Structures are given as structure tokens and as C-alpha cells.
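Novice: Here's the letter readout for the chains.
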Amino acid sequence: MTSNHRITLTVNGQTQDCEIEARLTLADCLREKLNLTGTHLGCEHGVCGACTVLVDGAAVRSCLMFAVQAQDTDIKTVEGLADGDQLSDLQQAFHDNFALQCGFCTPGFMTTAEAFLSENPTPTRAEVQSAISGNICRCTGYVSIIDAILDAAARHRGDAT
Amino acid sequence: MNAPYIGQSVKRLEDQRLLTGAGRYIDDIKLPGMLVMAIYRSPHAHARIRGIDLTAARAVPGVTDVFAANDIDMNLPEIPLRLAPFDGFERFLQRPIAANKARYVGEPVAVVIATDRYIAEDALGLIEVDFEPLPAITTVDQAAAGDTLIHEDAGENMGTRYTVGRGDTDKAFADAPYTRRERFVTNRHGAVPMETRGLIAEFEPDIPLLRLHGATKVNFFNRRHLAAAFDLPETAVELIETDVGGGFGARGELYPEDYLVPISSRRAGCPVKWIEDRRENLTATNHSRDIVCDVEIAATEDGCILGMRAIVQGDMGAYIRTNGGVVPSKAAQFLPGPYRVPDFSCDVQFLITNKTPVGTFRGPGRFEANFCRERLLDMMAADLGIDPAELRHRNLMEPADLPYRIGELVPGDPDATFDRGNYPSALNRLLDEVGYDDWKDRQGDIIDGRTHGLGIACFIESSAAGPPESATITIRPDGRTEIRTGASSVGQGTETGLAQICADGLGIDIATIDVFHGSTTLVETGGGTFHSRNTVMAGNATRIAADALRDRALDLGALRWNCETAGLDYRDGAVRRSGESLSLAELATFAETRGERLFADATFDNEKKLSYSYGAHAALVAVDVATGMVEVKKYVLTEEIGRALNPAMVQGQAIGGLVQGLGGTFLDHMVYDDDGQLLTGSFADYLLPTSDGLPEITAIALEESPSEFNLMGFKGAGEGGIVAVAAAVGNAVSHALCAHDISITELPITPDSLRKALRDIGA
Numbered sequence: 000m001t002s003n004h005r006i007t008l009t010v011n012g013q014t015q016d017c018e019i020e021a022r023l024t025l026a027d028c029l030r031e032k033l034n035l036t037g038t039h040l041g042c043e044h045g046v047c048g049a050c051t052v053l054v055d056g057a058a059v060r061s062c063l064m065f066a067v068q069a070q071d072t073d074i075k076t077v078e079g080l081a082d083g084d085q086l087s088d089l090q091q092a093f094h095d096n097f098a099l100q101c102g103f104c105t106p107g108f109m110t111t112a113e114a115f116l117s118e119n120p121t122p123t124r125a126e127v128q129s130a131i132s133g134n135i136c137r138c139t140g141y142v143s144i145i146d147a148i149l150d151a152a153a154r155h156r157g158d159a160t
Numbered sequence: 000m001n002a003p004y005i006g007q008s009v010k011r012l013e014d015q016r017l018l019t020g021a022g023r024y025i026d027d028i029k030l031p032g033m034l035v036m037a038i039y040r041s042p043h044a045h046a047r048i049r050g051i052d053l054t055a056a057r058a059v060p061g062v063t064d065v066f067a068a069n070d071i072d073m074n075l076p077e078i079p080l081r082l083a084p085f086d087g088f089e090r091f092l093q094r095p096i097a098a099n100k101a102r103y104v105g106e107p108v109a110v111v112i113a114t115d116r117y118i119a120e121d122a123l124g125l126i127e128v129d130f131e132p133l134p135a136i137t138t139v140d141q142a143a144a145g146d147t148l149i150h151e152d153a154g155e156n157m158g159t160r161y162t163v164g165r166g167d168t169d170k171a172f173a174d175a176p177y178t179r180r181e182r183f184v185t186n187r188h189g190a191v192p193m194e195t196r197g198l199i200a201e202f203e204p205d206i207p208l209l210r211l212h213g214a215t216k217v218n219f220f221n222r223r224h225l226a227a228a229f230d231l232p233e234t235a236v237e238l239i240e241t242d243v244g245g246g247f248g249a250r251g252e253l254y255p256e257d258y259l260v261p262i263s264s265r266r267a268g269c270p271v272k273w274i275e276d277r278r279e280n281l282t283a284t285n286h287s288r289d290i291v292c293d294v295e296i297a298a299t300e301d302g303c304i305l306g307m308r309a310i311v312q313g314d315m316g317a318y319i320r321t322n323g324g325v326v327p328s329k330a331a332q333f334l335p336g337p338y339r340v341p342d343f344s345c346d347v348q349f350l351i352t353n354k355t356p357v358g359t360f361r362g363p364g365r366f367e368a369n370f371c372r373e374r375l376l377d378m379m380a381a382d383l384g385i386d387p388a389e390l391r392h393r394n395l396m397e398p399a400d401l402p403y404r405i406g407e408l409v410p411g412d413p414d415a416t417f418d419r420g421n422y423p424s425a426l427n428r429l430l431d432e433v434g435y436d437d438w439k440d441r442q443g444d445i446i447d448g449r450t451h452g453l454g455i456a457c458f459i460e461s462s463a464a465g466p467p468e469s470a471t472i473t474i475r476p477d478g479r480t481e482i483r484t485g486a487s488s489v490g491q492g493t494e495t496g497l498a499q500i501c502a503d504g505l506g507i508d509i510a511t512i513d514v515f516h517g518s519t520t521l522v523e524t525g526g527g528t529f530h531s532r533n534t535v536m537a538g539n540a541t542r543i544a545a546d547a548l549r550d551r552a553l554d555l556g557a558l559r560w561n562c563e564t565a566g567l568d569y570r571d572g573a574v575r576r577s578g579e580s581l582s583l584a585e586l587a588t589f590a591e592t593r594g595e596r597l598f599a600d601a602t603f604d605n606e607k608k609l610s611y612s613y614g615a616h617a618a619l620v621a622v623d624v625a626t627g628m629v630e631v632k633k634y635v636l637t638e639e640i641g642r643a644l645n646p647a648m649v650q651g652q653a654i655g656g657l658v659q660g661l662g663g664t665f666l667d668h669m670v671y672d673d674d675g676q677l678l679t680g681s682f683a684d685y686l687l688p689t690s691d692g693l694p695e696i697t698a699i700a701l702e703e704s705p706s707e708f709n710l711m712g713f714k715g716a717g718e719g720g721i722v723a724v725a726a727a728v729g730n731a732v733s734h735a736l737c738a739h740d741i742s743i744t745e746l747p748i749t750p751d752s753l754r755k756a757l758r759d760i761g762a
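Residue numbers (numbering that gives the first Met the number 0), protein chains in the order written: chain C, 0 to 160; chain R, 0 to 762.
If you are wondering where the hints come from, they were derived from the structure by calculation, not from laboratory data.
Keep in mind that this is a model prediction, so the values were computed, not measured.
Honestly, I wouldn't trust all of these hints.
Unchecked claim - Lysine-lysine pairs mimicking DSBU-like chemistry, simulated, CA-CA at most 30 angstroms apart:
#	chain 1	residue 1	chain 2	residue 2
1	R	LYS439	R	LYS632
2	R	LYS10	R	LYS633
3	R	LYS755	R	LYS633
4	R	LYS29	C	LYS32
5	R	LYS10	C	LYS75
6	C	LYS75	R	LYS29
Claimed, not checked - Footprint (simulated), chain C over chain R, 3 or more residues, beta carbon under 8 angstroms:
#	segment
7	21–32
8	231–245
As the list claims (entries may be wrong) - Some but not every residue of chain R turned toward chain C, in silico, with C-beta under 8 angstroms:
#	residue
9	LEU18
10	MET193
11	ILE654
12	ALA683
Backbone N, C-alpha and C define an ideal beta-carbon position, used for all residues, glycine too.
For reference, chain C alone in the conformation it holds in the complex (with noise of 0.2 angstroms):
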């Protein structure tokens, strides 16, 4: 339970050494080693998606995976989207739609859009909620982020917004 390892993986493009017990979560890892404290924890559990990130393009819970899983992968956390200052477009559409209130679950929902995006650039609004039908926000009601992923959609393909 207690037995240290030592692990190697990518985070937001930089390689990460970390001194871990086996026990360590790759959540915990993320936000108390590495201090990339966007990913957020909001059940523990895998319910409630707010802990989503990309582990080699894939959405995973970080809550339910244990950082030692986490070798020699390339993990992008919402600190990663942005280029420097720039948002993403992702981001940016969550901001011109309005879909976000408090924010505590929108990294979450916002690394799930990423790799809903990658594999399904054109979707429907059914796609969408469908996809982002395993996380969970108290605030907005959902409409604004499904209005927000399509426009993010919209802007990858170079569609008028």
C-alpha cells in the first residue's frame, strides 16, 4: 500500500518524473505533485466526470485510474488547451456561449468535448449531448455547453459563427 515508485509521463507537452506510493491516484498526482490543480474532484468515483483529462487523446476519469497507469503515457489536463494566452477554440466557445457558471466541473467537461471532437468532428446536437451525457454540472443546464461544443465544432471546420 505504502510502496513508493517512480514514474515518467508527459503532462501539457513537458516530461514528468514523480516519486509516488502505489495507492496515489493520477488525480491526486495531477493536482498535489505536479500542482496542475485545474483538473477538479467532484465525486471520487467516475460519476460525476469533473476529473476528466486526455491520457494519450482519450478521456479518463483521473479519479479512477492510479497514477503508476499513468507511465509513459501523454496526459493533457485543461492547462493544457490554451496556447499561452490564446484559448482554444474549445475554449473560446464556452466563453461566447455562456457555458460555464461556477466552472468547477467545465475542465472536465471540456477535455470530454476535446476528444468527443477529435473522433467526431461533425456532430449532431444529440451526438453531443449524448457525449457529454457522463458529466455532470449543477449550474447551466446543459443547453449552453452542447450549444458551446457545437460551435467549437463549427469553428474547427472553419464554419461562420
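Chain R: place on chain C using the hints.
Specialist: Chain R alone, transformed into the frame defined by chain C:
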């Protein structure tokens, strides 16, 4: 985006940090030398504590301290009543940690302090408590019977009980051609914000200083009571707000942990953090609703209401916390709603049970009252053969009836008065928007195998009660403008809204404004954030401060130019006279050379004159009789809010509230077994709305009736989205199932409950 900002959907100032992971929520704060705290909570709903063995827990490497009530060297304070502090409640107040007896699952019994949370939780598992389980009270009927007492010294399980009313109800019922009585049950559920609660305390008794990070909502009230509890001057207690992941009524009240974290920090001699986990959140943070209402209506044969009388029983849980009797008292007060009900009486009972204590959740009492009344009105409409919309029109107060003094329907609140408005107009707009005339004769129609129904409901909702609110605007010599307010943000966009008002008031670019809120170090006083207050209270305080600042700028301009203010003009962020101007930044610099600052303080006090938002909801549902599944296909709501500060944010409040309300109607449900065990203690069991199966939503903010009680004309806009959801949906489902004679009287509406009802009648 350029001025005027008020009334435009200005993009939120908060977003940049929240979208990039740079927000600072309480668990993101790390202080040097900080330890963490975890709480051992009662696994029993009702049990005497015979002994506690902390030896094994204390021996865990990394654990620095483990303590229980007996180890605490101070008088444990009672958590105070902030709202609705009715006589009798003083017998049921909670102390931060159970000493001899635990009264609900989740009550704190012991505390661990350790170097990290994994170790702290290891230690929790090694705490041994010798409990003597006692019978658990899990229903209001058991509580009223009083065979088992939860607080022996009180001698009863009735927290308090009173009767309120107006007119002569007995007479109204005695002469009435039509009466009907029904029982309605609004189930226990709660706010459940995405971010659980959390606190960090830095207690340095020698300074003295108690700094508590993670505070929100009512910081100045909380500071006063924490200072008293720890025998500190108020100025030695600092409550610091961070980014907040949702409140909805539950966050920011004083809870046991608001005392236990400071106690831990004092014992440890270093900062201590506590972050609630989700299982704790579902048993430790206030629950809400949980109202049984027996209501009876009297009317003429043509559907004019003569009177209503009711018994409201609230299941308050094991203790009365800060919100006092808000939930049942507001359920009683809003039971007559926006209708002419000349004679009304209500017996209001607050019952103590072995469950998590109850507090406010968005639309407290209103959600429940609207469900009961609007269902009953639809039943009456069917009995009398009157169309439900027509029945409502016959009874809604007309503009000529307003203002209307509703009577003392909450003890100690004698002057509650509905202000001006046009309730029929809000209903008519709804009926047009939802296409009511197309649907009213098609209730129960079967389309694609599912039976359809359209339900409507009207509501009225108070806003902006409580103490005055503060705002200070300061111009910095570098040209930045700073607003400080005692109001909090719980994630609703307060910074943006106040900046809009300030930018218009001063004629400046909104991008030059910074908003600081919620911390006791920033302002002298503040009322806080609840009851849809911020835009009304802090918004008007900001407006008054901006007006005063313009005057101050003119005075400084006159001094600078050595002239009279009469010849000067203030426009677009500068004091002007022919051919020249002094910008606010220049004036701030000038003020600095005089040893002064360019600032203005303001307080807005509505002197308890409340504005009432009102409106109507409609739901179109399709019910699968074979499975009991309900789909809400379309949802429309209208809400009169006086004036929309930021239409997109108003829309967000309405839709967010509405979807939360759909949860309260279909999903959210705190289920207890007979032993008082919470069976829905995780998100796998406690269900919340998701993006699947959302209806097509239209939310219309009306601005026909600005408030007469504040300069800006605002009425609260935070709760109208949720308050009538169960009412409208309950009516819709009942209409859909009219052929089966099924009538919704209990929440939540689940496939199980519908199938059971259908099976019982052989469908």
C-alpha cells in the same frame, strides 16, 4: 463590447481563469506547513456513545492528532440560527461534534489530523466507537408520536409549531359549494453543488488571528459567530472567499466543520485543510424540501377560490441549523401563491427526525408550495369542468389588486406585501409561447405509442431579503477601477454583473474594472448572497457608489482647476470643461498628491421592501404506459424580473434552475431506510440530471414591471427557473395519464412509482 453594458449579454469576466484551470477553489489553496483533517462520522442514525478508543488511529505514522468531543478544551458552541429563528428551536441546536449521542448518520464524532488525506483516512478506519444503537425516527409521523425522543431535554420531537392565516377560513369552508382535500409529498433532496465544501483554517491565538479560507455566502454573519465562539474580537477573524463551485443555498452556512477546522488548526499550531468528500457531502451538508402537506381548497362552482387551509409538516432532520424554519415556513407562506385567496390558514409543524439537518435549497418552500397548490388547482379544474388556464385566470390577482398585503404568514414578518406586477400577462405570454390552445383539448392523446400531456403552473417568488449590502468603488492612479463588495459569488457571475453597472455608472471600459468580493478583509460590512439578492442588493449599492464617485470626481476636478463644479461636466470617465478634461486616473493621481483617494462607499438598504418575481411554467410530456418512463419534450417558462442586467446570464439562471428542478421532480432523492441509513450516499445512487433527455427549452425573462423599490428596477432572477417545475410537470404527467385516472401527489415521479400506480389499476 461598448456601453451601455446594462441589458447586454456582456461576456463574463470570470471565464478566463476558470477556462484555463487557473481558478482557485478551496482545495487548490496550499499553505506552507499545512496539515489535513478528516472526520469520523456516526454510522448510526441514533445511538448513545458509550466510549471512544482513538489509540490505534493515533499510532498511524503521519497522524499528528486525533480527538473527540471530550478532548476539546473549550465550551462547544451551539451553531446559531440565522434565519426563521422561531421560538422552540433553541432546544434543538447542533454543537460541532457529538459528545454523548449521535443523532444522524454523518454527525461528526471524532477528528483526525494528518500529513495527507490518504493517511488521515487510514486512521479514520482505526477509530473504535462503542455505540449503543437507539430506535431511529425516520418519518414525521414517528416524530410526532414521540415514542422515542431525539433530544430528551426538549421533551418532544416537535421543533416548533404555529398557525398562521388571514380572514376566516372556517367560515369560508362552511359555506363553500366545492371543497377538496389532498395530501402532497415533496421528497427530501438537496443542493449538491459540484464542488463539495472545504475550509482551511489558520489559527494563531497569540496574534490573535483566525483566518478561514473557503468561506462564502454570509461571511459577516459567520465572522460574528465564529469570533464569539472562539472568544476573539471580530477583527481578529478573517473569512476569505475563494472561487466557489456552486452554492444553491447549502454552501457557506455555519456547519460543524466551520468550528472543527479552526479547532484543529489551533491544536496543530499550523494551517489545517478539510475537504468534504462526496459521501460526506450527501450526509453532512444540509438536505432540503421534505414537506408533507395536507391542503384543502374551497371554491364556488365556477371555480373562484374562497379559501385554503393546510397542515404543513416539515421533516427538519436531527437539528435545527442556521436556516431555522425557512423551508416549512416559506412553504406555508407561498401556498396561496399569486391568487386571490381571501381566507387562508396553515398549521405549520417542524418535526425532528434522525436524518441530516435541513436547510435551504434554491427556491426553499416555494418549490414545495407550488407543487401542492398547482396540482390541487388542476384537480379542482377537472372536478368543476373548467379549463386549467381559465381557472387560473379567474383567480390570479389582477394589477389592480396590487400591492397586496399578504398578512403575517410567517411569524415576525407582518408586512409582507406583493409589489406591483401583472400576473395574468406572464401567464398569457406562457400560453402563447407553448401553444396552449393547440394542446388543451388533446390531453392524453396517444402519439407514437406514448400518451401526452401539457401542464401549466403559476408562481410568485420573493427576492432580496436580509440586511443591507455594501459596495466601494476606488479609482487607482494606474487607471484600474476596483469594486469591493460584501456580497459573495457562488459562481453565478457576480463580478461581471457588478462591473457592468459600474462601467455604465462611470462611463468607462468594463475591461478596466476589477471586482473583489466576499471576504471580510475587503469591506467593513456585508449582507451576503442568498435569496436571489446579489443583483438587487450589491447591484444597487454599486450604482449608488458610482453616482457618488462621479460627484467626488467633479469636486476633485474643481479643486484641480480651481473653479466651481457648476461649470464642469462628467462624461465617459472624465471631468470636462471646454477644451480639456481630467481622466479618472488623473484625478486619482491628483487625489493622491493631496493624501486622499478617489473612492466612494455605498450601502444599499431596501428597508425590507421586497420585490416579487413571478411567472408561469409549462411542460409537455410523453409517458410510456408500459414502462412508466416520462419524457419532458418541451418546457417553457416566463419570469418577470423587472430588468435583465445580463440577458445571457439571466437565461443561464433560468435554464440552470429549471434543469435542477427536473432533477427534483424525477431523480434527486435522499432515501432512508427504517434504521435511518441513507441509501443514496453516492452519485451512483443519488441521481442528478444529465444532458441526456433534455427538453426543448424556452425561458423568457419579462421586463414589464420594474421593481419600485430600487433605482435599477431589478427583481431577483435566480430561483424562478426552479420553483414551479414539479408543479408544471406533475400537472403534465397527470394530464397525460388522465385516461388511467392517475394523479401525481408525490415526488419524485419515477418509472417505478408510475408503474406501480398503473399496475394497481390494471394498466
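Novice: Look at each hint and say if it fits the structure.
Specialist: Here is how each hint holds up against the structure:
no.: 1; hint: R:LYS439 to R:LYS632; result: holds, 16 angstroms
no.: 2; hint: R:LYS10 to R:LYS633; result: holds, 28 angstroms
no.: 3; hint: R:LYS755 to R:LYS633; result: holds, 26 angstroms
no.: 4; hint: R:LYS29 to C:LYS32; result: holds, 12 angstroms
no.: 5; hint: R:LYS10 to C:LYS75; result: holds, 27 angstroms
no.: 6; hint: C:LYS75 to R:LYS29; result: holds, 23 angstroms
no.: 7; hint: 21–32; result: holds (count 7)
no.: 8; hint: 231–245; result: holds (count 4)
no.: 9; hint: LEU18; result: holds, 5 angstroms
no.: 10; hint: MET193; result: holds, 4 angstroms
no.: 11; hint: ILE654; result: holds, 4 angstroms
no.: 12; hint: ALA683; result: holds, 6 angstroms
The structure fails none of the hints (numbered hints given earlier).
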